[in-house]
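Participant: Sequence:
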Amino acid sequence: MPVGTAGSVKAVPQDVLEELGAQIILGNTYHLYLRPGHELIRGMGGLHRFMSWERALLTDSGGFQVFSLSDLRKVTEDGVSFRSHLDGSSHLLTPERSIEIQIALGADIIMAFDECTEFPADRNRARESMEMTVRWAKRSKDYFEAHKNDVPWPENETGRTQALIGIVQGGMYPDLRRECAERLLELDFPGYAIGGLSVGEPREKTLEIIASTLEVLPKEKARYVMGVGYPDEIARYAVMGVDMMDCVLPTRAARHGLLFTSEGRMNIKNVRYAQDQNPPDPKCRCKVCSRYSRAYLRHLYVAGEALAGVLNTVHNLAYYLDTMRAVRHAIKLGDLSGILSGPVFMA
RNA sequence: GUGGGUAUAGUUCAGUGGCAGAACGCCAGACUGUGGCUCUGGAUGUCGUGGGUUCGACCCCCACUACCCACC
1 MPVGTAGSVK AVPQDVLEEL GAQIILGNTY HLYLRPGHEL IRGMGGLHRF MSWERALLTD
61 SGGFQVFSLS DLRKVTEDGV SFRSHLDGSS HLLTPERSIE IQIALGADII MAFDECTEFP
121 ADRNRARESM EMTVRWAKRS KDYFEAHKND VPWPENETGR TQALIGIVQG GMYPDLRREC
181 AERLLELDFP GYAIGGLSVG EPREKTLEII ASTLEVLPKE KARYVMGVGY PDEIARYAVM
241 GVDMMDCVLP TRAARHGLLF TSEGRMNIKN VRYAQDQNPP DPKCRCKVCS RYSRAYLRHL
301 YVAGEALAGV LNTVHNLAYY LDTMRAVRHA IKLGDLSGIL SGPVFMA
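When you line the first sequence up against this note's numbering, it's residues 1 to 347, in that order.
Just so you know, the hints here were simulated from the structure itself, not pulled from any lab data.
There's no promise every hint is true.
List of simulated lysine to aspartate or glutamate pairs, EDC-like, C-alpha gap at most 20 Å [what the hints assert, rightly or not]:
| hint | residue 1 | residue 2 |
| --- | --- | --- |
| 1 | K287 | E263 |
| 2 | K219 | E182 |
| 3 | K138 | D78 |
| 4 | K205 | D175 |
| 5 | K219 | E263 |
| 6 | K148 | E100 |
| 7 | K205 | E215 |
| 8 | K74 | E145 |
| 9 | K138 | E186 |
| 10 | K205 | D322 |
| 11 | K148 | E39 |
| 12 | K221 | E145 |
| 13 | K141 | E96 |
| 14 | K141 | E179 |
| 15 | K74 | E131 |
| 16 | K283 | E263 |
| 17 | K141 | D188 |
| 18 | K283 | D322 |
| 19 | K283 | D232 |
| 20 | K138 | E179 |
| 21 | K287 | E96 |
Can you build the whole structure from these sequences, using the hints too?
Facilitator: Set out below in C-alpha cells:
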C-alpha cells in the first residue's frame with residue numbers, strides 16, 4: 001500500500017497510481033485532522049471524493065505520529081496531548097477522537113488508536129505499552145460500533161461500514177505479542193495489524209516477531225504488518241502469510257534519489273550515471289524505464305527539478321507493486337519457490 | 001593615459017607575521033504505520049606571478065600581470 005499521508009502519495013497523481021495498479025493507498029488521521037481538518041473533508045464528501053480516489057483507502061490512526069513526533073507529545077491513559085508540528089497549537093487525540101476523525105474521513109479501512117512502543121523498550125515498558133494499546137483498542141472498537149452508521153454522505157447508505165483493524169504491540173517480546181494478539185481476538189476485529197516494527201530493531205527480530213504473532217492471528221482475517229519494508233522484506237513477509245503492508249520507503253527514497261531495481265539499490269545521484277543511456281532498470285516495464293535514461297534522471301535530480309521526484313517515485317512504486325503482483329501470481333500458482341530470489345536491498 | 005581598488009577551494013568571499021577557513025557547489029552514504037527535496041560524512045588549494053624583509057610571509061615592502069571603478 002503506497003503511503004499518501006496528507007491525502008496525496010507525494011509526487012504522484014491519482015490517475016498514475018491507477019495505471020500503476022495501486023488498489024489501495026493510505027491516508028493519515030493526524031495530518032488530515034490538522035490540515036485541512038476532518039470536518040472540512042467530511043463536508044467535501046469524504047476523503048475519497050475530496051482527493052478523487054475511487055479505489056480503497058486506509059487511514060492510520062495517528063498512533064505512529066505520537067511516536068515519531070515524540071518531542072511534542074505527552075501520553076496519558078486518556079490519550080495523547082500534543083503540539084501541532086505546523087503551528088504549535090495544542091490538541092488531544094484519544095481512541096474515541098481518532099475513530100471519530102477516521103469516520104469523518106471515510107476510508108474503507110481504519111485503524112485502532114495504539115501506542116507504537118519505542119525501541120529499545122524493556123519488558124515492563126513493553127507490557128505497559130501493550131496493555132494500554134489493548135485498552136485503547138477496546139475503546140476504539142466501542143466508539144466505532146456506536147458511531148459506524150453515522151455515515152455523512154448518501155451513497156454510503158448501503159448498510160456497509162468501514163472496517164476497523166486492531167493493532168498488536170508488545171515490543172520485541174514474542175510472548176507479549178502473542179498475548180496482545182489473543183486479547184485483540186476477543187474484541188473480534190475484521191483484520192489485525194502488527195505494529196511497532198521497523199523502529200530500529202535488527203531484522204532477525206522483525207522476522208521473529210512477525211512469525212510468532214502470525215501463529216496467533218487467524219489466516220481467515222486480514223493480517224497487516226505496518227511500516228515495512230524493502231522489496232525483498234515485503235516479499236518474504238508475504239510468503240510468511242502477511243496480506244497487507246505499507247511503507248514510505250519507495251516514495252521517500254525516490255525523492256532522495258534511491259531507486260529499487262532488479263539489480264539492487266541504485267543511487268541515481270551517482271556521477272557514474274551522468275552519461276548512462278540505459279533505462280534505470282532494464283528489466284522493468286514501467287513508463288519511466290521505457291522512456292527515460294539514467295543520465296536524464298540524474299540530471300533532473302541534480303538540477304532540483306520536481307520531475308525527478310515524480311519519475312523516481314513512479315518507478316519505485318512500479319517496482320514495489322510488481323513485486324507484490326508476482327507474489328499474488330505465485331500464490332495462485334501454488335509455487336512460491338522463485339519469489340525470494342531477487343536482490344537484497346538492506347544497506 | 002591618470003588615480004583608486006581587488007586578486008585565497010569549482011563559485012562568492014572571510015582570515016591571521018607561527019597547522020588554510022565558511023557558505024554554496026562537488027563526491028559519497030543514509031532513509032522502513034512520511035512534519036520537513038531531509039540527515040551524515042568526504043575531497044578541495046603553487047593563498048595571481050617574480051623578487052625582497054624576517055628565524056618564519058597568504059599576511060609587511062617592491063615590481064609585474066589580470067580584472068573592476070572613476071576621471072581624461
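Participant: Does each hint fit the structure? Answer for all of them.
Facilitator: Hints, one by one, checked against the model:
Between K287 and E263 the alpha-carbon distance is near 18 Å, which keeps this suggested pair within the 20 Å criterion. Between K219 and E182, the direct Cα distance comes to roughly 14 Å. Compliance with the 20 Å bound is thereby established for this hinted pair. Distance hint between K138 and D78 is fulfilled; the C-alpha atoms sit about 13 Å from each other, no more than 20 Å. For a cut-off of 20 Å, the pair hint linking K205 to D175 stands: about 13 Å separates their Cα positions.
In summary, the hint linking K219 to E263 is not supported, as the alpha carbons are separated by about 33 Å, beyond the 20 Å threshold. A distance of roughly 9 Å separates the Cα atoms of K148 and E100; the hinted pair therefore holds under the 20 Å criterion. Note on K205 and E215: the hinted pairing holds, with a Cα-Cα distance of about 16 Å set against a maximum of 20 Å. Of the supplied pair hints, the one linking K74 and E145 is violated, its CA atoms being roughly 28 Å apart against a limit of 20 Å.
Taking the CA atoms of K138 and E186, the gap is about 10 Å. The hint holds against a cut of 20 Å. A threshold of 20 Å between alpha carbons decides the hint, and for K205 with D322 the separation of about 27 Å lies outside it, so the pair is violated. As the CA atoms of K148 and E39 are separated by approximately 16 Å, the hinted pair is consistent with the 20 Å bound. For the given pair, K221 sits about 19 Å from E145 by alpha-carbon distance, which is consistent with the 20 Å threshold.
With a CA separation close to 9 Å, the supplied pair K141 and E96 stays within the 20 Å bound. Note on K141 and E179: the hinted pairing holds, with a Cα-Cα distance of about 18 Å set against a maximum of 20 Å. Of the supplied pair hints, the one linking K74 and E131 holds, its CA atoms being roughly 18 Å apart against a limit of 20 Å. Taking the CA atoms of K283 and E263, the gap is about 9 Å. The hint holds against a cut of 20 Å.
Only pairs whose Cα atoms come within 20 Å are accepted, and K141 paired with D188 is accepted, the gap being roughly 9 Å. Between K283 and D322 the alpha-carbon distance is near 11 Å, which keeps this suggested pair within the 20 Å criterion. The suggested pairing of K283 with D232 holds, with an alpha-carbon distance near 17 Å, which does not exceed 20 Å. Distance check on the hinted pair: K138 and E179 sit about 15 Å apart at the alpha-carbon level, within 20 Å; holds.
Proposed proximity of K287 and E96 is contradicted: the alpha carbons are some 43 Å apart, above 20 Å.
Violation of the numbered hints given earlier is confined to hints 5, 8, 10, 21; the remaining hints are satisfied by the structure.
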